[in-house]
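Using the hints provided, position chain L relative to the given structure of chain E.
This is what each chain is made of:
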Amino acid sequence: SQQGEEDPQALSIQEGENATMNCSYKTSINNLQWYRQNSGRGLVHLILIRSNEREKHSGRLRVTLDTSKKSSSLLITASRAADTASYFCATAYSGTYKYIFGTGTRLKVLA
Amino acid sequence: DVKVTQSSRYLVKRTGEKVFLECVQDMDHENMFWYRQDPGLGLRLIYFSYDVKMKEKGDIPEGYSVSREKKERFSLILESASTNQTSMYLCASSFGQGSRFYEQYFGPGTRLTVT
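Protein sequences appear in the order of chains E and L.
Under my numbering, the residue at position 98 of the first sequence is numbered 98, and the numbers go up by one with no gaps.
Under my numbering, the residue at position 69 of the second sequence is numbered 69, and the numbers go up by one with no gaps.
This is chain E alone, in the form it adopts within the complex:
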């Protein structure tokens, strides 16, 4: 079963607005990662946050991790039409090689 669950399933915003999507998980993790997938393509890694980190930035991306709530959020600031894609969180269990992906958030940025 999928451990990471993204919320919302779909999000539609205007260009220039911020987009926030959330991910919840159930068990202890080593790290949490966010990926982007453009339609019909492979996934591209965006950012990795380790279990001992609380916040991380990369360009217009900001990721937070709350291990007490077992949740993470991805914020995309000043969104662009090119940000239109599906976004997935992936969790790496402690002590295993497996990654568990969520079902994704479909983001549509309207020009």
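Please keep in mind that the hints were generated in silico from the structure rather than gathered at the bench.
C-beta atoms are modelled at their ideal positions from N, C-alpha and C, and glycine is treated no differently.
Among these hints, one or two may not hold up.
Quick list of in silico lysine-lysine cross-link-like pairs, DSSO-like style, CA-CA up to 30 Å [as the list claims (entries may be wrong)]:
#1 Lys98(E) <-> Lys70(L)
#2 Lys70(E) <-> Lys57(L)
#3 Lys98(E) <-> Lys3(L)
#4 Lys108(E) <-> Lys26(E)
#5 Lys18(L) <-> Lys98(E)
#6 Lys108(E) <-> Lys69(E)
#7 Lys56(E) <-> Lys3(L)
On the chain L side, residues computed to face chain E include the following (Cβ under 10 Å) [claimed, not checked]:
#8 Arg44
#9 Ser49
#10 Glu56
#11 Cys91
#12 Ser94
#13 Gln104
Coordinates of chain L only, in the frame set by chain E:
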């Protein structure tokens, strides 16, 4: 740049055929993965390999097998293709030393249709 390549972007096979999906990475990664992606179900792990000739079942291994004879190559085999194996197949690789995990690098995917 890390590169993960998959042998085909699109593949059409008939029910009962044996199907080989090949994946090659050029970054000397220890770990390699095969996922399938279906609408509404996200990515599901089929098999992964953490070293040459080593493999472990993922969440949905039934109907699939894998082979890793060389570090850079990981093959997914559908022994007897069925229509419910129509899907997008994604290969990925990553470094992985002990319990420290790194980002995964994905190939472009193979869209397999079984008729």
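Tested hints:
Distance restraint check for Lys98(E) and Lys70(L): the Cα-Cα separation of roughly 21 Å lies within the 30 Å cut-off, and the hinted pair is therefore satisfied. Under the criterion of a C-alpha separation no larger than 30 Å, the hint pairing Lys70(E) with Lys57(L) is consistent with the structure, at around 26 Å. Our distance criterion of 30 Å between C-alpha atoms is met by Lys98(E) and Lys3(L), whose separation comes to about 21 Å. Only pairs whose Cα atoms come within 30 Å are accepted, and Lys108(E) paired with Lys26(E) is accepted, the gap being roughly 28 Å.
A C-alpha spacing of about 27 Å is found between Lys18(L) and Lys98(E), which places the hinted pair at or below 30 Å, so the restraint holds. Distance restraint check for Lys108(E) and Lys69(E): the Cα-Cα separation of roughly 28 Å lies within the 30 Å cut-off, and the hinted pair is therefore satisfied. For the hint pairing Lys56(E) with Lys3(L), the CA-to-CA distance comes to about 26 Å; that is within 30 Å, so the pair holds. Contact between Arg44(L) and chain E, as hinted, is supported at the beta carbon level, the nearest pair being about 8 Å apart and thus within 10 Å.
Nearest Cβ of chain E to the Cβ of Ser49(L): about 9 Å, under the 10 Å cut. The hint holds. Checking Glu56(L) against chain E: minimum C-beta separation of about 7 Å stays under 10 Å; hint holds. Taken as an interface hint, Cys91(L) checks out: its beta carbon lies about 8 Å from the nearest beta carbon of chain E, inside 10 Å. Hint on Ser94(L) holds. Least Cβ distance to chain E is approximately 8 Å, under the 10 Å limit.
Look at Gln104(L): its Cβ gets to within about 7 Å of chain E, closer than 10 Å, so that hint holds up.
The structure is consistent with each of the numbered hints, conforming to all of them.
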